[in-house]
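Could you build the full structure based on these sequences and the hints that come with them?
The primary structure of each chain is shown beneath.
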Amino acid sequence: MHTFSYVKATTLKQAGELLAANADAKLLSGGMTLIPTMKARLAQPSHLIDIGGIAELSGIEAKDGKLTIGAATKHVEVAKSAVVKKAIPALAYLASQIGDPQVRNRGTIGGSLANNDPAADYPSAVLSLGATIVTNKREIAADDFFQGLFSTALGAGEMIVKVVFPVPAKAAYEKFPHPASGFAMAGSFVSQRGKDVRVAITGAGPGVFRWKDAEAALGKKLAAASVEGLSVDATDLNEDMHGTKEYRANLAKVMTKRAVGKLSGK
Amino acid sequence: MAKVELKINGKAHSYDVEDRTLLVNLIRDHAQLTGTHVGCDTSQCGACTVHMNGVAVKSCTVLAVQASGADITTIEGMAKGDKLHPVQQAFTECHALQCGFCTPGMIMAVTGFLKDNPKPTDEEIYHGLEGNICRCTGYINIVKAVKQASKAMAK
Ligand SMILES: Cc1cc2nc3c(=O)[nH]c(=O)nc-3n(C[C@H](O)[C@H](O)[C@H](O)COP(=O)(O)OP(=O)(O)OC[C@H]3O[C@@H](n4cnc5c(N)ncnc54)[C@H](O)[C@@H]3O)c2cc1C
Ligand code: FES
Ligand code: FES
Chain A
16 MHTFSYVKAT
26 TLKQAGELLA
36 ANADAKLLSG
46 GMTLIPTMKA
56 RLAQPSHLID
66 IGGIAELSGI
76 EAKDGKLTIG
86 AATKHVEVAK
96 SAVVKKAIPA
106 LAYLASQIGD
116 PQVRNRGTIG
126 GSLANNDPAA
136 DYPSAVLSLG
146 ATIVTNKREI
156 AADDFFQGLF
166 STALGAGEMI
176 VKVVFPVPAK
186 AAYEKFPHPA
196 SGFAMAGSFV
206 SQRGKDVRVA
216 ITGAGPGVFR
226 WKDAEAALGK
236 KLAAASVEGL
246 SVDATDLNED
256 MHGTKEYRAN
266 LAKVMTKRAV
276 GKLSGK
Chain B
12 MAKVELKING
22 KAHSYDVEDR
32 TLLVNLIRDH
42 AQLTGTHVGC
52 DTSQCGACTV
62 HMNGVAVKSC
72 TVLAVQASGA
82 DITTIEGMAK
92 GDKLHPVQQA
102 FTECHALQCG
112 FCTPGMIMAV
122 TGFLKDNPKP
132 TDEEIYHGLE
142 GNICRCTGYI
152 NIVKAVKQAS
162 KAMAK
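Chains A and B are the protein sequences, given in the same order. Residue numbering for the first sequence follows our numbering, starting at 16 and increasing by one per position. Residue numbering for the second sequence follows our numbering, starting at 12 and increasing by one per position.
Don't read these hints as lab results, they were simulated from the structure. There could be a bad hint or two in this list.
Once the Cα atoms are required to be at most 20 Å apart in a straight line, the calculated EDC-like pairs of lysine to aspartate or glutamate come out as [what the hints assert, rightly or not]:
id: 1; chain 1: A; residue 1: K100; chain 2: A; residue 2: E76
id: 2; chain 1: A; residue 1: K41; chain 2: B; residue 2: D40
id: 3; chain 1: A; residue 1: K95; chain 2: B; residue 2: E135
id: 4; chain 1: A; residue 1: K227; chain 2: A; residue 2: D159
id: 5; chain 1: A; residue 1: K23; chain 2: B; residue 2: D127
id: 6; chain 1: A; residue 1: K54; chain 2: B; residue 2: D82
id: 7; chain 1: A; residue 1: K23; chain 2: B; residue 2: D30
id: 8; chain 1: A; residue 1: K23; chain 2: B; residue 2: E135
id: 9; chain 1: A; residue 1: K41; chain 2: A; residue 2: E71
id: 10; chain 1: A; residue 1: K41; chain 2: B; residue 2: D30
id: 11; chain 1: A; residue 1: K54; chain 2: B; residue 2: D52
id: 12; chain 1: A; residue 1: K23; chain 2: B; residue 2: E29
id: 13; chain 1: A; residue 1: K23; chain 2: B; residue 2: D27
id: 14; chain 1: A; residue 1: K227; chain 2: A; residue 2: E243
id: 15; chain 1: B; residue 1: K126; chain 2: B; residue 2: D82
id: 16; chain 1: A; residue 1: K101; chain 2: A; residue 2: D79
id: 17; chain 1: A; residue 1: K235; chain 2: A; residue 2: D211
id: 18; chain 1: A; residue 1: K81; chain 2: A; residue 2: E71
id: 19; chain 1: A; residue 1: K54; chain 2: B; residue 2: D40
id: 20; chain 1: A; residue 1: K54; chain 2: B; residue 2: D30
id: 21; chain 1: B; residue 1: K18; chain 2: B; residue 2: D40
id: 22; chain 1: A; residue 1: K95; chain 2: B; residue 2: D40
id: 23; chain 1: A; residue 1: K41; chain 2: A; residue 2: D132
id: 24; chain 1: A; residue 1: K95; chain 2: B; residue 2: D127
id: 25; chain 1: A; residue 1: K54; chain 2: A; residue 2: D79
id: 26; chain 1: A; residue 1: K28; chain 2: A; residue 2: E71
id: 27; chain 1: A; residue 1: K185; chain 2: A; residue 2: D79
id: 28; chain 1: A; residue 1: K100; chain 2: B; residue 2: E135
id: 29; chain 1: A; residue 1: K100; chain 2: B; residue 2: D127
This is the structure we're talking about:
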């Protein structure tokens, strides 16, 4: 790992100022992506601003049909939270399926979203549920936030503060995990709010995306059979040693059908 | 450089380390507790698992400075004198190790897992040990040991 200076921020304001003052600084949340990346010398920040201990960034609250989760809230906290289990059980389930226990004990929702790994789990929930990402500068709608492979709408000096999820009528997540890492080979988050059904696919493409044909069909009839005749366009999907584009397109469909089959809510 | 003050196995320590020093290096090189192993150094294998404030973490993926003020438990802190921790005892009795390289990390992961889930099913044990790899493929006996430890600890 290259050398850097570590600074522990204690308030949101201080973290924002440190970030603004150092162009090559990076925020350190759970470190479960950033530290391995730095060890592989794929990132070389001048400063690490540790936001893991900032109280304002942590916590879970359900109020007025919305579930709010602070950026530095750990996966384990979301997975175990009675509040999340009551409001959006599919989200608690999703968090319980990330990586392994040690990763869940450190990794955070803000770090996962900022990183936007094409196979990460949270982006699918955020996109499907139409959540809002609140930063230290503005609010960003999920549809505008994810911009493909490891890129997001976050600008320089911008930090995720919290994520606000509208509570859906029903939601479910299903993923086919890579057997070694746990990352999604393909995952599908299906949710229903009013007449609106949204399907977000992760793992299969260069970034999370909405499968709009499935949304339209499920909007008419919310049953696994509705997606039977459809297929995910494989043209731009990922292809690597783990699977072809066509394999991933099929997995995305299978995961969607399974998710529809286990939709839960109030 | 950074000053790191922390407790390891109940004993207070203070070290001056580089900002980039990993917790596992502080434990092995500075505190000279070499029971905690480095297998992959890429956050995959869990050989470096220790408890930080009571929860299992991969110490190769935590900076030593991040652990400042924390309470760390390593494999050396598990036995009470000559009396092995029930998880250690169960690993010994069930033959849950061959070369023993993964064992300290396994034992720390199992202990963390049993706190949350004192009576796990086989499925739950598989899921709970996803962060640990054993290259001697001793998983069958490891699962046996987890069940035996769970029974012993319930008494
Ligand atoms: C073995 C292993 C298995 C894994 N398996 C999975 C899996 O199955 N599914 C999955 O989804 N993920 C998986 N992960 C990734 C894990 O979920 C990480 O926790 C997550 O991607 C990053 O969160 P973090 O808090 O650790 O972020 P960090 O590593 O601290 O940061 C990641 C990036 O986000 C930036 N950042 C952090 N917080 C903020 C913020 N508040 N605002 C703006 N930028 C910020 C950082 O500067 C950095 O660039 C795995 C990781 C490992 C090591
Ligand atoms: S050495 Fe830390 S996970 Fe392998
Ligand atoms: S006993 Fe040899 S690696 Fe597990």
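*Find the hints from earlier in the document that the structure breaks and name them by number, from lowest to highest.*
2, 5, 6, 8, 22 and 25
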